[in-house]
Every structure is written in C-alpha cells, then in structure tokens.
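Undergrad: Build the complex: two chains, separate frames, hints provided.
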Amino acid sequence: MKFERELLKGIAPVVVLETLSRGKMYGYELSEAIAAKSQNVLTLGQGTLYPLLYNLEAQKLVVSEWETSESGRERKYYSITSKGKERLEADKVQLADLFKALKLVFGASLAEI
Amino acid sequence: MKKMEHKNVFENLPLCAVEYIKLIIKKMKWRKKVREDVQAELIAHFEDALHDCKTNEEKEKAAKELIANFGDAGLIAVLARRAKKRCRPMWQKAIIRCFQAFGIFIIFLILYCFYIASGKPTLRVNYIQEYINANRPVSDESQNAESLYKQIGKVYVKPPEINDANDHNNYAGGKIDLLDKIKHIRDFKQLNDEQFAMVDKWIEDNNETIKLFIEASKRPYCWHEPNASELQESFIAMLMPNLSSTRNAVYLLTAKARLKAYKGNMNEALQCITPLWDASGHFSGPRTIIEQLVGLSIEGLSFKAVSDLLAEYKFSPEQLKMIQSRLEKLLADNDFYMNYGTERFFVRDFIQRCYTDDGRGNGHAIPDQLSQFWGNFGEYDMVTDKKFRGLLFLGMSVLSEDRKEMTEFMEHFYEKAQQYAKMTPWQLHKENKSLESMLTNWSRYKSLRYMNARMLLPAFDKANTIPYRYQITGKSLIVTIAVFRYQQDNNKLPESLKQLQETGYICSIPIDPFSGNEITYKLTKDEFTIYSFGFDFDDDGGKIGVNNQGKSEMWNTDDGDAVFWPVGETLKN
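Just so you know, the sequences run in chain order U and H. The first sequence runs 214 to 326 under our numbering. The second sequence runs -13 to 559 under our numbering.
Okay, chain H solo, but in the shape it has when bound (with noise of 0.2 angstroms):
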C-alpha cells in the first residue's frame, strides 16, 4: 500500500457522519496507522456519497440514511479490525504468536512458582531418633562415653602460647600455639628448656582431661543422648559437640606419651597411648563421614605417635610384643572402610524437610526450606538481598529434579559409594571407578536438575580411601615393631617379610591397597624401609612424594610413595 499522509478533516462531514466515523475508529482498538487508514477511506467515502447534496440539510439526511445503511458502528469495527488484523505479514504475525506462547509461557511460570512457593513438607521420619537407635546398642547410660567426652570439653585447658620465631610454621611474629609447635616436631629433644617446661605445665594443668579421657575410653560405647527440643532439629542441626575437645585430648595424650618417653619411662608412655585405640572405636560404626574420620584420625595420631617413638627410643621385647599385640586388635576388629548406613539419613531428611510429599513418594522442592536448610550450612550467606535470595531459591526449587527422582538417586549414590567403599584404592583404580566422575560427566542440564544434590554429596572418592590409609599405615606399623622384636631377638634384620611371617613374628603380610600386592619391605645398609605405593599406584622406590610447594608429603597424590619406615622420611619437612 502507498504510505500517504491523509486528510483525516471532518470538515465537509454532517456532524452525525462524524461521530458515527469517530465511533468506528475508536471502537476498532487497533494501530494508529491502521485506524488512519481506514478514517480516511471512511471519509472519502461519505465524502462521495454527499458530494451531490446542496444544502446541509440535505447532507444531514443522507448522511443518516448512509449511517444507516453502513449498520452498527461496533460491528464494523470489529469487522475492520479482524480483516486487518488477517492483512498482517506471515514474519509479523510469527512474532506475534512467539510474544503470545512467551506470555502465556510466563503466566503458567508464574502460576507455577506460586504453586512451588506454597508447599509445606511432611515431616514422616525422625532422622535423629532412627540415628541414635543405631548407634545405642544399649540403654545403660554407664557404658556411655559421651557424658564424660562432653566434661573434657570443659575442663580442657588449651595450650599457651610460645615465642619461637624459627618455626617455619610461624608467621605471627614469633608468637606459635604450643600445640602446634609439637605437632610438627618428632621429638621433646627439639624442645628448649622454657618450651619444655610449658609442655610440662600445660600437661600437668590437663590431668583431669586427661584422667576423663582414659575413663571414657574404657566405656564400650558413645552415644549422644539429644533433649526433646533437639529431636526437633533437622538432621544437619544435630549437635555434634565433642569432637573437637576429643581431639584436643588425643593430641594432649600423645604429647603426655612422648613427654613420659623422653623422661624414659617407656610403660607410662604406652599407657597414653593404648587409651586412644580404645576411644577411636567410639566413632566407628554406622555413624557420620565427619565421626568416623575423628574415629581414624585419632588412630592416625596414635600410629604416629607410636611410630615417633620407635624412632627415637628402645622398647623392651615384652613392650613391643603388647604393641604389637593390641594393634592387631585393633586392626582386627575395625571395619576399615566408610560405613554410610546413617550419614544418608543426612540427604533423607534434606528432601523430608526440603520437598513436598505427595503421599506417592513424589513431590517439588520448597524455595524457604531450601532457603533455611542452606542457610545452617552457611551457604549463600553472600547472597543478603531478601528479594534476590527469594528469587535464586524459588529458581533452585523451579528447576530441581522433583522429590522421586532425587530420591532414587540419592539412594542410588549412596549404594555405589558404599559398595565403592568395600574395594581398595587399587581396586577402583584398577577397574576405574569413580564417583566423583560419574557427576562430572552430566550435561549442564542435569547438573542444574541436581543441584542441590551436588552440593549435599561429600567427596566419597577421597572419602573412601582415608580408612585404608589408616589401616596400611597400622597394619606397617605392625610389621615395623614385628621387624624391631626380631633384630632383637636374632641381632639381624629379616630378610624379607615371607621370613619375618615364617618365623612367626608376624600372621600375614599386609596387603598394600595401593598396590594390591604385599607392603613392601626392602633392607638397605643396615636399616630397612616399608612403604605403599600411595595415590600414584606405582612403585617409586620408597621415595615420598612432593607436593606443589616442594613439600615433602606422606599421602602426595601425584607421585611418590607413603613411607612408613624410617619415619624420618615422613617429617623432613
């Protein structure tokens, strides 16, 4: 059509043809330009129609009868307004059908959201109770431990601090935690006399820990006994309050054990240490990844601690043989890979707590329970926008996978790293599994659908090798003492362990889990060395590893090997 600037003018126009073009226009409720349009044509044509009346009169009659014959204004109107709307190109009316299906698109969003908004969970199974009826095999609160854990982290004295501007990990202007400067050092020789004598207080001030800790390490059993407010909680809100003051007390036991040492008195020393065996069954079981890893590391820091002491002072024959004696019971009787039978309680009371039930097992996300459950976590504490943290959570929930399917996943994960949890790092390595592969190799869609299980999943891979790190590193500790009681007994060192085994010293020879095959023991000079393969599976020839900074590293996971003897090797650095 030929753009034309028309003469929209009513002025040869009757005043009822006027009005009854206005009405036209007006009611027709389109473009501008379309409805100029079609004014001015509706105009020329009463224009035409009246240009052969005389007088006014006469122009106002024919007007009517046009008016008339024209019919009702509304109808033409909506008339003029389809056909023109039917006059539109095929491009524009694509991008008006693609505004239409995104507004309706967005209406049903948003009728969604309100729908995801307004879900309440049902709270069916108390996670906390189903917790602690696993981990209390017995009701008699004399066998419990936890009371007296819970005293240690009152009386616990906590290590002063000391002036030594040559530790290299002092970067506090010669100012150092006692605790620490020990933890590094192998032996109190390395100690100055004021550094000494502060240890020497700083343990004396500790009796009554360390009189709880070897109380409570008699007990058979720990439990933690929650108060009807905290059966309440979430799973995640579950207090968990002695870990970290038991801790403390194992390093202060471990510090007593070298300090008895280096006053020679070997026996008070073993005495120190035996109670941690004892204690670190305490946080074995089905129970926590964060209490079974407090579990090892407390057997971790005894095996060091014994091995420190290998190192630096003689054992009679009959201490050794106690050593050795109580480690293989321990070795025994642990379970040495991750139990997950109560740590998925953790996820199920998440999607309890965060998803809607259906009463079919199904269900949508919940954008403030997400929001809460996230916010015990700490995470998305940067996000402090209400509004925003509104948006982001009600996004996280819109395009979450929905309750079944994150279920059965979860389930399933949790199957696979405890069946992945029963085979050895060699194993995994050897047949390549991995778990943190399997979610690194989901699209991006997938990813976003399981956000929130992402975030929720703990590092099984790295989790699941931390037991067998334990138990290669006590089960060589074994061999170790085993190899000291026979170049006590023969004034030589076994040739080999098949020998150490033959002559009875030790059962079996420890299988590397890194390796698959026997630990390995070599005789240099007149020492010997025992090392595993570590996280790079081959044999470096008993050559520890070295970390990004030039560090030498016990567990390096890319290259070296883990030395257990000389112990030396471990703690040049």
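Just chain U, with the same shape it has in the complex (with noise of 0.2 angstroms):
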C-alpha cells in the first residue's frame, strides 16, 4: 500500500528522525530501513528522501559525515544530532494526540481499516 504524497509528506520527517535514531544511516540504507520498518507501507520517494535529509540538516537535526563503510565504499552517514532528538520527542507527542483524535473521529472503523 502507497500513501499519497501529501499524506506522507507531513510525517516523513518525523519517520526519518525516529529511523535514525537508532543509529546513523546513509541515504540507501535509510530508505531501505524506513521500507522494511513499515513493512513496505512507507516508502519515501528516494528522489524527496535527499532534499528531504537536506532541510533536516539545515535545520540543525542532522548532521552528516562521509565514510568508508565496511564494503571499502564511500558513504555519507546522517546521524540525528541532540537537537533533533528534542523535536522526534515533540512530534511523537503531536502523532499520539493525532491518534487519539483520529480514534475519536473514526471510533471502532478506524480500527477495522
């Protein structure tokens, strides 16, 4: 299942942020991670994914670094800085109160979907 662009575009972010958060990934191996997490159900456009780690590494919630990896290749490693901890936990909370409103909105069909 594909959720439309704009849906996803809002929490994509947060996806991101929470990804990393348990470790520093680069650019393929993140997307991949994000798609296996979710069981194929949010796969980041891999062209959005960059610009998308671009503006989170402007805003200061990322930080990235080139490296070899153990293959001898050249990768570039995103890891989430302090700062983007502090906004993941901020939006967590954000999601669960979108949760629970939308439980509340959708009561027992929400969880039938």
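Because the hints were derived from the structure by calculation, they are not lab data. Do not rely on the hints blindly, as some may be mistaken.
[To be verified] Quick look at which bits of chain U chain H covers, simulated, 3 or more residues with Cβ under 8 angstroms:
1. 226 to 236
2. 287 to 293
[Said to hold, decoys possible] The calculated lysine-lysine pairs, modelled on BS3-like cross-linking and capped at a C-alpha distance of 27 angstroms, are:
3. K187/H x K237/U
4. K273/U x K305/U
5. K222/U x K390/H
6. K187/H x K290/H
7. K273/U x K71/H
8. K390/H x K402/H
Glycine included, every Cβ here is placed at the ideal spot set by N, Cα and C.
TA: What follows is the structure, given as structure tokens:
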C-alpha cells in the first residue's frame, strides 16, 4: 500500500528522525530501513529523501559525515543530533495526540481499517 | 561535514542512471563543491540499489525502476538546491543578503540616474528682462548713458608702457604700465619729465573718451538694452561689456584732475572729479553685485583723488565749499548698502535652468544643465575627460538637494544677506552675525547637498562691508574739507568735531560704522588726524594696519585703523 504523497509529506521528517534515532545511516540504507520497518507501507520517494535530509541538516536536526563503510565504499552517513532528538520527541507526542483524535473521530471503523 | 575527495565515477552504473544523475546535478545550478557532494551521494545510492544485480540487463532494468521511484530530475534538483541553500551558515547568508541588497541598491541607483539625466528644464521667467525692467525707470533712450559707455570702449586709448626700474610694483625688467605707475603715486611731482610728457599725451589722446564720459555722466540713468538673442541667454551670460572701459575712463579722469592741479588749474581739476560722482549713480540700486562694486569703486577713486589733491594743493574757500556741498549731496542720495534685489535673479535663473519643474515647485538637478552652467563660469574646466565630467555632474545632481529646498534656502539666504547688508559692520560684529559662519557650520552631508548653492553664493560678509567703507571714506572727506574751511576762516584747527558742527561747517558728525561711535578726530601738534576703527573694531590710536607682507594697508582685516587724514598715512607703501 502506498500513501498519498501529501499525506506522507507531513510525517516523513518524523519517520526519518525516528529511524536515525536508532543509529547513523546513509541514504540508501535509510530508505531501505524505513521500507522494511513499515513493511513497505512507508516508502519515501527516494528522490525526495535527499532534499528531506538536506532540509533536516539545515535545521541542525541531523548531521552528515562521509565515511568509508565496511565494504570499502564511501558513504555519507546521517545521524540525529540532540536538537533532532528533542524535535522527534515533540513530534511523537503530537502524532500520538493525532492518532487519539483520529480514533475518536473514526471510532471502531478506524480499527477495522 | 567531513571533507573528502569523492570518486565521482560512474563506471558501475548503467547509462540511464548516469544520465539521470548528471541531469539532476546539471539542473541543480549550484556551487560546484555542493554539486559534487550530491553527485557522490546519488552515485553511492544507485550503486547500493544495483549492487545485487548480476547482469547488465538486470542493472538496466533496476536502474529504470529506481529512476521512476526517484521521480522528476528537475524537481529533485530544485528541492536539493533549496535545501542546500538553507544549509549555508549564518555569516554566509548575511553576506549574500548584503550583496543582494547592494545589487538592488545599484539597480535602483542606475534607474534613478537615468531618471535624473533625462530631466528637462522649464523656463518660465526671463530674468534678463526682469532685470532690465528693474533698472529701466524710463523708456527714453536719450536718458540712457549706456550707449556712450559703449562708445568709450571703442575710442579709449590704452596707456603706454614706461621705463621705470625703481618702481616697487615693477617685475617686468624696467617696463611698467603708465596707468599702474600713476595709480601708485599721490602727486605728479614724482614723475620725471619723460613720464610726465607721456601722461600728458595719453590724456590728450583720450580727449574723446573723456568727452564721452562727461556726457554720459550727465544722463540720469544707465541700462543695458539687450537684443533678441541676448534675451534668450541665461542670466549669467547677460552682457555687461562696458564695466572695464568705464573703469578705465575713471582712472583717466582722476589722472587728468591731478595733471590739471599740477598745472595749477584747480577749477579744471575739479571739473574732472565731479562727473565721477554723477556717473557712480549709474551703477547703484537693484543691480548685480559687480555693477554695484564698480559704482562704489568710482566713488572710492574720486574720494581718493580729492584727498590727494587736498594734501598737495591749496583750494580756495569757494572751491572747498563746492566740493563739500557736492559730496554731501552724493552721500545723502545714495543708499550705502548692497542691494540684492536683482542679484538674486542670478540664482533664480540658475535654479530654473538647472532643475526640473514638476509644476508644484519641486524638481531635481539636471546633469547636462549643470555642466553647461558651470562651463560658462569656467568652473571644472580642468575636468576635460567627457565621461568623467558627465559622471561628476551626474553625481552632483544625484546628491543635490531638490529644487524646492534649494529655492527656499537661496531665498532665505538672500533675505538674510539683505537684512545684514543694512546693518553696519559694527552692529554685525556686536551681535556676532555672519552669513559665512552659517555655511561653515554645516555638516559635510549638508555641504554636499547644497554644493551648488555654496559655489554660487558670493562672499556676502565681505561684500556687505564695502559700501560702509566707501561711505565712511566719503563722510570723512566731508569732515576733512570742513576742517580745512574752518582753518581758512579761523586760522586755527577746530578743537573737536562738535565745534565744527556747532559752527555750521558740518551738518552732523559721521558715525563710524566700525565702532558705532562718532568718527575719531584728533589734534596733533599742528596737524589733525581723522580715522575709523577699521576691521578690528578697536582704537589703535590712528595707526594704520600692516598686512602679512609688512605693508601698510588702509583696510587691513587684522589690526590698525583706517586713517583718512593725513593722506600720506595711506600711501607710504
């Protein structure tokens, strides 16, 4: 199942931050991790992943660093900053509230879906 | 971010992936370093994604799927560029904003310069005509002395050069202008026979000039009647061609007066002086400063000539009475202060020609017009490069205060100048009033904004004192003549000016415009002295001032008095 682009757009930064909170990752690894974790439900358009990462970097929520991976290849690793962690926590609270509200609106029908 | 040399090689990627990445990077249109960074990241992404493909076909297929997943290259490029821009540090952002602001400022400045340079003046008033109207009380040409002054310019014979190695003003290897020589001597006794003969001949050669001047002096008015093309000119270009020849004729007449006196003919000597008093009135009233100064200098030269004659020759009581009476009338008729009634036309015409007119009194300076105007003046002639000259006047126009402000300032300044002109130097000194100090106290910014005004305005403070100098010189001469008359009648000098007044030799005691009190009269052993306090406004005991070169100076600005009698005090050097 694929989400509408606009619906995903709002939660994409939170998803990226949440994924990076488990450890530093490079772009491809990150997109794969998100897809795997969400059972291929949340597949960020890979083209928009990099602009999203650059934006998070501009906001100092993540930092990047070129490193040589175990395979010997150069990869640009992204890791979450303390500011990013704070934002993630705040966004999580908001998302929880959002789900609560959605549940209230949709009631049982939301669970059925 | 760790700096690293990326291996931007596409060797492991299929052609479609290579082209796709290159397209994104191309469309990013951003700094090379950033683009390389993004390219390396995208290559790494594609390599990772295609890592498990065994064959080229598989790679090609997978790459196409990935490209489809990535989406439009242009959109990614734009999003990546925007995001990267946000990544710039604050100082870099600040510098960029500054450059942007500066760029916008430059664009506006260029547009403003075009706007300024394209301005055109609107000529509403013909100030030459206004000036003529103010100085043409009648339309009867037979009462106008101007045509006679014009003829003087044609018939005047220049003085010859003479040999005089001893003259202190001579720097030209023994040769000196005859007029220069006689200007600096009080009496023709100081001329040798050859020089005397030359003066005699020069005056004889100029009989026609003298005749014309005397005839002109009998006419009550003098105005310049411009032709149609002159009327189209700017006020500054208004022709005043006869001033120098008029002044030459005045020197000629004073020389003739001294020659006649030397020959013992005092009546004829006086007949050469009195036309000067009539002619001086031709240049007074609402005229330009230059004309008024010419009128005043004619009077000054006549006063000096009379003083010199009094010092060297004996006049009869009747002759003295006649001179005194004529002088009293001359001084009573004349307003001895500068009249700026029409001088301000000069500034108004400048504003009219060098500023645009929006119909509500406002407008901006026009570079071409400024260049033309100051070109007439000979100012900025050293700036010969056309482009640089253009830029100079463009800059001047951009910086200049607008028409409304400039007009208000100029009119206010002229009002003040006229107000101060009616105050004696002593009153101005006492009340610490000065027009020039108003300008010198300006900030640099204001000086720049009013640069044109500053260059246009004459030295009012100095100009305003000149009539008072001539006025007190004339009044002192009246007192001197009265003292001589008293001496002739009573065989002794008067004790005081009050005594002179009480005995009816003078109507009133002149007030010194440089002290605010009566002019100083002092009796010495068997002589007397009459003086004004002069520019230092204090009593130096009748001692004349000394200038920077160590020479005595009648109206020295730093110290000393202006000594009217004895005359020798003024001529020692």
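Undergrad: Against this structure, judge whether each hint is valid.
TA: Going down the list of hints, with the structure as the test:
Counting residues of the stretch 226 to 236 of chain U whose C-beta sits closer than 8 angstroms to any C-beta of chain H gives 0, which falls short of three, so the coverage hint is violated. Figure legend: the stretch 287 to 293 of chain U, annotated as covered by chain H; annotation consistent (3 residues with Cβ-Cβ distances under 8 angstroms, at least 3 required). The suggested pairing of K187/H with K237/U is violated, with an alpha-carbon distance near 115 angstroms, which exceeds 27 angstroms. Proposed proximity of K273/U and K305/U is supported: the alpha carbons are some 18 angstroms apart, at most 27 angstroms.
About 59 angstroms separates the Cα atoms of K222/U and K390/H, which puts this hinted pair outside 27 angstroms; it is violated. This hinted pair checks out: K187/H and K290/H have alpha carbons roughly 23 angstroms apart, not beyond 27 angstroms. At most 27 angstroms may separate the alpha-carbon atoms for a hinted pair to count; K273/U and K71/H meet this at roughly 13 angstroms. Proximity of K390/H to K402/H is assessed by CA-CA distance (about 18 angstroms); at most 27 angstroms being required, the pair is judged to hold.
Hint compliance for this structure: hints 1, 3 and 5 are not met, and every other hint is.
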